[in-house]
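K.L.:
Sequence:
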Amino acid sequence: MTKGDFSMIYFDNAATTRQKPNEVVQAVTEALCLLGNAGRGAHEATLQASRTIYDTRRKLAEFFHAESPERMVFTGNATESLNIAIKGLLNPGDHVITTQLEHNSVLRPLYEMEEKGVELTIVKADVQGRCSIADMEAAIRPETKAIICTHGSNVTGNLVDIAAIGAMTQKYGILFVVDASQTAGVFPIDVQAMHIDILCFTGHKSLLGPQGTGGLYVRTGLQLRPLKSGGSGVQTYSKKHPQQMPTALEAGTLNGHGIAGLDAALDYLKQTGMDEIREKEQTLMWQFYEGIRDISGVKIYGDFSQKNRCPIVSFNIGDYDSAEVSDELYEGWEISTRPGGHCAPLMHEALGTVEQGAVRFSFSHYNTEQEVGTAIEAVRELAEE
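The opening position of the sequence shown corresponds to residue 1 in the UniProt record's numbering, with each subsequent residue numbered one higher.
Since the hints were made in silico from the structure, they are not lab data.
Given the structure is predicted, the values throughout are model-derived calculations rather than measurements.
Be a bit skeptical, because a hint or two may be false.
[What the hints assert, rightly or not] Here are the computed lysine to any residue pairs in the SDA-like style, where the Cα-Cα straight-line distance is at most 25 Å:
hint, residue 1, residue 2
1, 270, 25
2, 59, 247
3, 87, 270
4, 280, 115
5, 59, 171
6, 299, 234
7, 280, 124
8, 59, 143
9, 145, 127
10, 270, 26
11, 171, 219
12, 299, 62
13, 280, 378
14, 87, 111
15, 307, 228
16, 270, 65
17, 299, 247
18, 280, 297
19, 59, 47
20, 299, 282
21, 59, 234
22, 145, 128
23, 239, 83
24, 228, 104
25, 280, 104
26, 124, 68
27, 145, 219
28, 270, 163
29, 270, 346
30, 280, 83
31, 124, 247
32, 87, 383
33, 171, 119
34, 240, 366
35, 228, 252
36, 270, 222
37, 145, 222
38, 87, 143
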């Protein structure tokens, strides 16, 4: 495959959106040629980097309805954001609640903290991959410090009602940490209205930015222990890393070139319209779901009773290993999908697919109805073999 060749039918957008807006590509290219190191001098190259980073910070604050740009912290991805949130928030003796829906970027840091004395409750999901908010509430106890959960499952596409959970955490005076990896950029998120204390996100999925970009929002008045310390460009002679936000959580050189691309992506989302993008992606998802759901041998996972859901369809064909089906789709039709466990082991336990995994299709607004039609026929042919 040559550079810029989009002849492959790409349905792995929940892992990363491969096709980016042209404006993003151009912004990264220009940044590679022009930007210096933000906060490390007063010449034009470093000042331009600082302006770009601040401009992106301001747009993210507006996008997520944060109190101010200073509450937006840049990271390399959602995994780093979640590690900062979890390891910077919890202490031995604290109790934390999470769910079976979670990605390993939530689970593994929580398991590490559990080894250090944090008590962990994992709320179970049903066979459709849904967790009960009532079960979350029942798990709350006096030493509960936080609920940490995803906004949308990367396996089933089920949405979680984070507004309702936020209201509940507000009621009990506990903290609410949200993993928005699958939803930031395609579903509206208002951190203040939804009572979200920490929002973790990545730039390379539905925000349509480059890989190596991500961030977190931290509510005003909430302090986290930094995951890293080191160079900051300010307070050089202090033995301690600066405590003011966002510098407190941003040790080292930021990915200015990637952030320039994220800046352009945010402009694209605003101009194109997040609602329009979501409607297109959901339309393609429903076209695919309706096209394969009655094929003999196909089993689809997740709750499709709700129209509003992430643009994801995961399924299996009979007893075939999901990796085998995914390979056949690529070799026969050049259709790219994601098989296996999707870094969400507890979700697959709930679905009963630990051994088989599942074939995941995830849609972008750059996909077409014709591509979806080809995918439906491919699944039909494979199921008939």
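K.L.:
If a hint holds in the structure, say so; if it doesn't, say that too.
P.N.:
Structure-based check of all given hints:
| no. | hint | result |
| --- | --- | --- |
| 1 | 270 to 25 | holds, 17 Å |
| 2 | 59 to 247 | holds, 18 Å |
| 3 | 87 to 270 | violated, 33 Å |
| 4 | 280 to 115 | violated, 44 Å |
| 5 | 59 to 171 | violated, 30 Å |
| 6 | 299 to 234 | violated, 56 Å |
| 7 | 280 to 124 | violated, 32 Å |
| 8 | 59 to 143 | violated, 36 Å |
| 9 | 145 to 127 | violated, 28 Å |
| 10 | 270 to 26 | holds, 18 Å |
| 11 | 171 to 219 | holds, 17 Å |
| 12 | 299 to 62 | violated, 41 Å |
| 13 | 280 to 378 | holds, 22 Å |
| 14 | 87 to 111 | holds, 11 Å |
| 15 | 307 to 228 | violated, 42 Å |
| 16 | 270 to 65 | holds, 14 Å |
| 17 | 299 to 247 | violated, 48 Å |
| 18 | 280 to 297 | violated, 28 Å |
| 19 | 59 to 47 | holds, 18 Å |
| 20 | 299 to 282 | holds, 20 Å |
| 21 | 59 to 234 | holds, 24 Å |
| 22 | 145 to 128 | violated, 28 Å |
| 23 | 239 to 83 | holds, 24 Å |
| 24 | 228 to 104 | holds, 21 Å |
| 25 | 280 to 104 | violated, 29 Å |
| 26 | 124 to 68 | violated, 36 Å |
| 27 | 145 to 219 | holds, 15 Å |
| 28 | 270 to 163 | holds, 23 Å |
| 29 | 270 to 346 | violated, 35 Å |
| 30 | 280 to 83 | violated, 33 Å |
| 31 | 124 to 247 | violated, 37 Å |
| 32 | 87 to 383 | violated, 45 Å |
| 33 | 171 to 119 | holds, 21 Å |
| 34 | 240 to 366 | violated, 47 Å |
| 35 | 228 to 252 | holds, 9 Å |
| 36 | 270 to 222 | violated, 29 Å |
| 37 | 145 to 222 | holds, 13 Å |
| 38 | 87 to 143 | holds, 17 Å |
The structure fails to meet hints 3, 4, 5, 6, 7, 8, 9, 12, 15, 17, 18, 22, 25, 26, 29, 30, 31, 32, 34 and 36 from the earlier list, while all remaining hints are met.
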